[in-house]
Every structure is written in structure tokens, then in C-alpha cells.
Amino acid sequence: MTQDFISDGEELYRNVRRDDEADEYFPDPTTGRVIITSQAFLDKPQNEPSVDRAKLKNFEPQKSLLKENNGVVSLIAGEVRQIGDVKSEEPKGSHIDHAVDVIHDPKPENDAHSKIVVEPNYFYSDKKGKAFRLLRKALARLATKRGWTLEPKGS
Amino acid sequence: MLLEKPWGRFQENTESTSDSVVIEEVPTSSNGMIVPSLNEANSTRAEAPKLLQREQLYKTWQQDIYPFLLDAFKEKLQRIGEREKNWDNKGSKNPSDLVLSKAHITLENFLYSVVNSGRLWITPFVSTDEDGHITIQWNSGQHELHIEISEEGAEYIKIWGINIEHEMHLGILKRKEFINLWDWLNQ
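Chains as they are written, first to last, in our numbering: chain A, 1 to 155; chain B, 1 to 187.
Note that these hints are calculated values from the structure, not bench results. Don't take each hint at face value.
Unchecked claim - Partial pick of chain B residues on the chain A-facing surface, computed with a CB cut under 8 Å:
1. E84
2. N94
3. L98
4. W121
5. T123
6. H146
7. E152
8. Y156
9. K158
10. I159
11. E165
Every residue, glycine too, gets a C-beta built ideally from N, C-alpha and C.
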């Protein structure tokens, strides 16, 4: 069980609950496409949404299901990092800081386990206090763009 | 379906709202939503049939559409109000009566402003978050509009990309900005 760097091109799986009252997705009333909500990325108390590295699940999304009738969405590590790209000005010029990152965090029961972390202090004042909420909204947007990797049964 | 006649409140709102919107044309939409003009002061005899049509359309809005949309909100907020603590098995709080009441007023005012201006209404997704705030979400093309209602007040978040710093904007929700937010959403 070793921890290694997750490259920008890696696919990540996230379980999305099927329960009607979980509010983790809904159909767009005008287009009918599925919209994933920020509730789907709520992981308390750490505020670090868990994902699985697809390649360590042999690209079988059903292995990331927490319940049989749930669904799975995919994220791309590089896109997740772009959520927190912040331009910093320094005397020698500007550079890009990554306020959001994906870190491999293997567990005994799940070698593919990883977590998405955010550093609120990179953001300006009105966003610092809401960094976790905004991160989840951005993750939901990314997941919505890609749609289901594995559709919930009976949805 | 006509549980509530909004006419009294409508008049009240119209009279008390200094920035109320005047509509020159009678817009129709593919989803059947029709909103009549409220500006009848300059009408002439030649416009009488048009005026009659407007009155009829206005009645439709007054008696059917507006109460129907209000009822949908009420039903959803009632269901949300029945949630208990840890409703999502993630430790989230349930909304207080005060938050529910504020959400009802905010949604009603937002609906009134949008529909009364002749714009098309999009049904929002209404839920609660981990702190028991009411969350309202609209998606339209690349734009997302979120409203979060707490006991302290209401905030909006405009989202047009994934970057937190450059593609999201936060603000305090004010009634006079409803139409601007709606127009941005539908750009």
C-alpha cells in the first residue's frame, strides 16, 4: 500500500447515491439531462471529498459503488486541480498556485482511495469562508459535464 | 389547485414596488407560460381587442399559473420542512422554521419578479445543505445561479466555470437584483 502522485490525466470515480431524498442529482427541467449537485460531494467532517483512482479499480466503476443501486461519476485529476488555480503576483513575476489538489490516500480496505483537498487561504476574502462549498459546486459542475459513468439502477 | 388568490398580494406588491417592470408586448412561450402586460394606461379604442386579450391572459396568469407555481414551491418546502437532523446520513442539519419561512418569501418574490416582467420561469431545484440552509439552484446553458437562504439572510452565487477565483461570483441577494440575475442566468 504505497502513496504515489496522481497525474493530471487520471480518471477518478465518485459514488453518487440513488436515494430520492439524498438530493445528489436531479433531472434538468428543461433539457432532461442529469445534473449532479454539490450534495454529492459532501464528506463530513473533513471536507475532503473521497474519490477512487480508476486505474486502481481496473477501470471498473462498479467497484466504487457504496450501494448496488447507486451511480458513479468520473472526474479528471487535472480538471479538479484547475478549480483552485490562483494566479499569485511576486516581485519576479506571477505564477499559478494550486489551491485544490487530489492526493492518493490509500486505505487498508481500498487501495484506490484518494481525497480532494482545498486550501482556503489562497482565495480572496469573500471566498475563503466558502471555499469548501465552492469546491463542491465546482466538482458537481465537472461531474455534470461528463454525465454518468455508471448510471444508478432504476433511475 | 386555486388554494390562494394572489390578486391582493399582487396589487400590494405592484403598488409598493418602485422598480416594477412594465411590459409592452404579450410574450408567449413554448411551455405555455404567458404573461400579460400591466401597462394599460396608454391604450386606445383601437387596441380594445388587444386589451381584452391581455385581460384574459392576465386572468390566466392570476388564477392558474401563478398559484400553480406557488403551490409547487409550497409542496417542496413542506417536504423539506419534514426533514430531520442528519436527513442525508451525512450529519446535515435540518432547516429551522425561520429559514423555511424566509425561503418561502424569497422564492415567492423571485417568482413574482420574473414572471411579472414577462420572462420565462424555469423550475429550480430546491434542497437544503449541511447547515440547514435552503438552497435553490437553476442551470441554464453554461450558467448556474444558486441562492442560499439562512436565518441571517440570502446570498447568491453565479457560476460560469469551475475556477473558484475567476468563474464564480458571490453576493448578497437583494430584490432589486432579481431581474439582473435572471437575465444573466439566461444569457
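For each hint, the structure was consulted:
no.	hint	verdict
1	E84	violated, 11 Å
2	N94	violated, 12 Å
3	L98	violated, 21 Å
4	W121	violated, 10 Å
5	T123	holds, 4 Å
6	H146	holds, 7 Å
7	E152	violated, 13 Å
8	Y156	violated, 12 Å
9	K158	violated, 11 Å
10	I159	holds, 6 Å
11	E165	holds, 5 Å
This entry does not satisfy hints 1, 2, 3, 4, 7, 8, 9, going by the numbered hints stated previously.
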